[in-house]
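Visitor: Residue strings, one per chain:
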Amino acid sequence: MMVNKKQIKELLSESACSHNEQKKSSCDKPKPGATSGGCAFEGAQIALFPFADAVHLVHAPSTCLGSSWETRATPSSYEGENNTYLGYSTNITAHDVIFGGNKKLEDSIEYIIEHKNPKAIFVYETCVSAMIGDDMDNIASRMERKYGIPIVVVHAPGFVGGKNLGSRLAGEVVLDKLIGTREPTQIHPFGINLIGEYNVTGDMWQYTPILEKIGIKVVSTLAGDGRIESIQMAHRAKLNVIVCAKSLVTLCRKMEERFGIPYVSVSFYGKRDTSNAIRSIVNAFNNEELSKRAEAVIAEEEEILEKKLIPYKKILKSKKAILNTGGNKSWSIASALQDIGIEVVATSIAKATLEDIEIAKQYVPILIKSPANEQAKLIDEHNIDILLAGGRSLYTAIKKKIAFVDVNQEKKVSYGAYGGLENLAKDVCAAVQNPVFSVVGTSAPWECSHA
Amino acid sequence: MLKPLEKNPLKLSQPMGALLAFLGVKNCMPLMHGAQGCASFSKVFFTRHFNDPIAIQTTAVNDITAVIDGGDYSISEAVKNITAKVTPELIGLFTTGLTETKGDDIKGVASVLQPEHDIVYVHTPDFEGGLESGYAKSVGAMIEQLVKSQEHIEQKITLIPHVSMTPLEVESLKEQIELFGWDVFALPDISESLDGHLGKKQGALSSNGISVSQIQELGSSYAVITIGNSVYGCGEKLCSKNKKMQHLHFDIIGGLRASDTFYNSLMSLSNVSYPHPSVIRWRKRLQDALLDTHFILGGCQIVLACEPDLMVILSSILTEAGGKIKAAVSPTKSSALDNIPSKNIIIGDLGDAEEFLDEHTLFITNFHGERLAHKYHSALLTRGFPNYETLGNQLKDDTLYEGSAKLLFEAANCVETHMHH
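For the protein sequence lines, the chains are X and E, in the order given.
For the record, in the first sequence the residue sitting at position 307 is 307 according to our numbering, with numbers rising by one throughout.
Start counting at 1 in the second sequence, then tack on 1000, and there's your number in our numbering.
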């Protein structure tokens, strides 16, 4: 199945997305000269690369993978060779553009099977391989029959749209080619799939032990610490849990239609949201005993956390912050900051969807529409202590001599769930207590101090 | 069976090289003509390497314009949208695999837009060449399309560094040439734009570098100095703008003998018999560094995997202290590689470099080498793009007497620490 207009149109007008009730769509075509953000291929890569037991083969010239492999910290507990961090590319050359890359692709797949013996191979179509018209589906299905492992072609070339669409297309192909192709030996009564959880910095491992303690079983994940065999059995889970990612809502809606699996959407950032997430999952099962166990575990975990947070809360008490980031982070991080005792005065909604804006309203009093213009003014007006934003706002913080936390930088530690909240508290405290911002802001001996 | 695919790529693309070239021009907007991902990937890549904002925009070719647009629409729309917000002194327009596969006429589009905007255009498909060629093509395009032909010469020198030179290397090289009494202009000059300085700019355009008006006047240079095999042709192009201009080319400026050659040429060009005293002091320090480190580096098995122009410099420095190049893996072909004394010169990827690693090896490559060095218990020294793991990449300097001495110590310490753990 090639990527086609009809499918893209359907994905972009997903009925389960709240913004599609109105005219304005955040899934519009990118504007030349005024676009940032990754392409559909990157979105597919983000969604599927965490499958550590599958090889990910990118059918592309050198930019696509050369610039992007081993960039996301998505750890896996897989005991075989972890393919998440490896880069396989067909390295399309001018010769292939002229004569076609079919042979190269076929040879590459055979090489991988011979040398790596993976559980599956994902083959990614990119702009150039789409333009030269290689018959990827044909090769893949032939190889699949020959070797007996799933060889899944992901049709998400960069030019079809942004990251979000790419993740959706990846979800579609997983649904069409993998989910439902294997049957489990037994079906767990409280089995769930974690959808859109990529286990960045091990976020997922902060809460999966808690879920297990309550009696919930993670059947499969898309795709953090994921396994091919598990996702093939995902249709036997009882509930889909979408973690902080809108892009895979279509997949969940279709799984509901096809397999009767309901879904809930949750966030595991901060104490309140983590507890609420656990409750949403448990409530979906409508089992009294399970709910009771969940409440007991939540109470226990919250108590442990609160004890750990005491020293940090002393430092952060009455500190005021402004948050300037995008998407669901505009409210999920705000909520986490509130949980460690920080007053979040304002959050930016410049890069948030309508749905995110609605949620953000419930957490934060001031919503910033144009951070470049409003940020500095708000810092003065409200005596802000901390600016949490991307690197571009660093100078604003230095000029105002307030603490700065780069929220868009690749995280090294997890901020997820109860355990991660302590990491966040630690990092924010370190920033607040660090003299570096005022030291850097000192004027040079040759600059007029009253200027 | 010969490996039909790339495993753990070392190769970086032509458009990424073009981006770096344009980032060394002041108030420039590099404009990548392709799908949005090409620009986004490259932006993130260099942002993480340099820890600084990277200016770039994209023509955001989509499924419709990929087929029916000849480039005119997406490029002119992009220029319109960019100039609505900022005023670049130069727009550096370069192509990608996608737009070269469809065969866009960027020269035609540029000529339509040029009356109103300063645009340099260059063809850099990522299914050909690599980082070095994309960079060299872009520097060449700037020379051809911006530099005016001249007949008189001035007391100034144009320096053309190769793509792997760090901002500090460009700066120190400029300073070394200035010591001989010249005004020096680097094309491009990333020493002021990607050097990691705290600035007020929000990074929409490149923050500093050589200005367009300075580039236009490079034709009056007394000489052009090119560093690195990949930019030799750029020097020739600049010389064609002025018959009187001399071209001094160096494949290598690392190690004692290559640095001697460099200063020797500079002395005769400047007609002086002694360099600045600091040069003399650093030569003596390098002599001492060679002797201090030869116990450790002598016979040390080294595996190199990086861009050719960088690799020959590292090889030159380390072999002078007795290091043995067990294998040299380059992402692309280059005649510079002839300078490396090794039986295993390979055009390939990190999957190829892996074959040569063991616990007695010093592995010099980008940060992707970490996992491999760990797996084979090799010592690792990170050089080249990308390096997301260690900070301060922009301030590394491995050139001439001073840089060579410091690299020798760093390499020897790296090997020594490794052996004791």
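Calculated from the structure, these hints are not laboratory results.
Incorrect hints may have been included.
[Unchecked claim] Calculated cross-link-like contacts (lysine-lysine; reagent style BS3-like; alpha-carbon spacing at most 27 Å): (1) X:307 to X:412; (2) X:411 to E:1375; (3) E:1003 to X:146; (4) X:104 to E:1333; (5) E:1107 to X:29.
These numbers come from a predicted model, not from an experiment.
Visitor: Between the alpha carbons of residue 307 of chain X and residue 412 of chain X, is the straight-line distance 27 Å or under?
Guide: holds, 24 Å
Visitor: When you check the alpha-carbon spacing of residue 104 of chain X and residue 1333 of chain E, does it fall within 27 Å?
Guide: holds, 20 Å
Visitor: Taking 27 Å as the top limit, are the C-alpha atoms of residue 1107 of chain E and residue 29 of chain X close enough?
Guide: Holds, at about 26 Å.
Visitor: Would you check the hint for residue 1003 of chain E and residue 146 of chain X, treating anything up to 27 Å between C-alpha atoms as holding?
Guide: Given pair residue 1003 of chain E, residue 146 of chain X holds - Cα atoms ~20 Å apart, limit 27 Å.
Visitor: Hinted pair, alpha-carbon criterion (27 Å max): residue 411 of chain X, residue 1375 of chain E. Please report holds or violated.
Guide: holds, 24 Å
The structure shown violates none of the earlier numbered hints.
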